[in-house]
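> Sequence:
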Amino acid sequence: MKRMFAVIGCGVLLAGSAWAAPKSITLNVPGMTCPACPITIKKTLMKQPGVTAVNVVYAKKELVVKFDDAKTNPAAIMKSTASVGFPSQIAK
57 MKRMFAVIGC
67 GVLLAGSAWA
77 APKSITLNVP
87 GMTCPACPIT
97 IKKTLMKQPG
107 VTAVNVVYAK
117 KELVVKFDDA
127 KTNPAAIMKS
137 TASVGFPSQI
147 AK
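If you use the working numbering, the sequence shown corresponds to residues 57 to 148, in order.
If you're looking for bench data, these hints aren't it; they were derived computationally from the structure.
It cannot be assumed that every hint is accurate.
[What the hints assert, rightly or not] Cβ-Cβ distance ranges computed for the label pairs, FRET-style:
| # | residue 1 | residue 2 | range |
| --- | --- | --- | --- |
| 1 | Cys-90 | Ala-126 | 29 to 39 angstroms |
| 2 | Ala-131 | Lys-99 | 13 to 23 angstroms |
| 3 | Ala-126 | Ala-92 | 28 to 38 angstroms |
| 4 | Pro-105 | Ile-146 | 17 to 27 angstroms |
| 5 | Ala-126 | Thr-89 | 28 to 38 angstroms |
| 6 | Ser-139 | Asn-111 | 12 to 22 angstroms |
| 7 | Tyr-114 | Ile-146 | 13 to 23 angstroms |
| 8 | Thr-82 | Pro-105 | 12 to 22 angstroms |
| 9 | Asp-125 | Cys-90 | 25 to 35 angstroms |
| 10 | Pro-91 | Ser-139 | 16 to 26 angstroms |
Heads up, the beta-carbon is just placed ideally off N, CA and C, and yes, glycines get one too.
Using the sequences and the hints, build the whole thing.
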């Protein structure tokens, strides 16, 4: 009986990560003023755990970031852009 509960408990813990859903967020980055800015931002974000893709639209000063919501969140992503000199906010 104890073994059955242990197996069920492990299954529940492993299934928790399956509930995480891929998400995306669009951010405005008004400080993106030169062609090198997107490179810096993208490199920084791709190092962050949970970020799976970054699409930079330089002409709009905008980022679309895809991420695993079990590993990161919009606040952490915005903190990363700010840490390299590019404060961002969620696009409306």
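> Now tell me, hint by hint, if it's right for this structure.
Cross-check of the supplied hints:
1. Cys-90 <-> Ala-126: 29 to 39 angstroms: Check passed, 35 angstroms falls within 29 to 39 angstroms.
2. Ala-131 <-> Lys-99: 13 to 23 angstroms: Since Ala-131 and Lys-99 have Cβ atoms about 20 angstroms apart, the given range 13 to 23 angstroms holds.
3. Ala-126 <-> Ala-92: 28 to 38 angstroms: Between Ala-126 and Ala-92, where Cβ atoms are some 32 angstroms apart, the hint holds.
4. Pro-105 <-> Ile-146: 17 to 27 angstroms: holds, 20 angstroms
5. Ala-126 <-> Thr-89: 28 to 38 angstroms: Given about 34 angstroms between the Cβ atoms, the range holds.
6. Ser-139 <-> Asn-111: 12 to 22 angstroms: Holds - the Cβ-Cβ distance for Ser-139 and Asn-111, about 20 angstroms, lies within 12 to 22 angstroms.
7. Tyr-114 <-> Ile-146: 13 to 23 angstroms: Cβ of Tyr-114 to Cβ of Ile-146: about 19 angstroms, so the range 13 to 23 angstroms holds.
8. Thr-82 <-> Pro-105: 12 to 22 angstroms: holds, 21 angstroms
9. Asp-125 <-> Cys-90: 25 to 35 angstroms: Since Asp-125 and Cys-90 have Cβ atoms about 32 angstroms apart, the given range 25 to 35 angstroms holds.
10. Pro-91 <-> Ser-139: 16 to 26 angstroms: holds, 21 angstroms
Violated hints are absent here; each numbered hint is respected by the structure.
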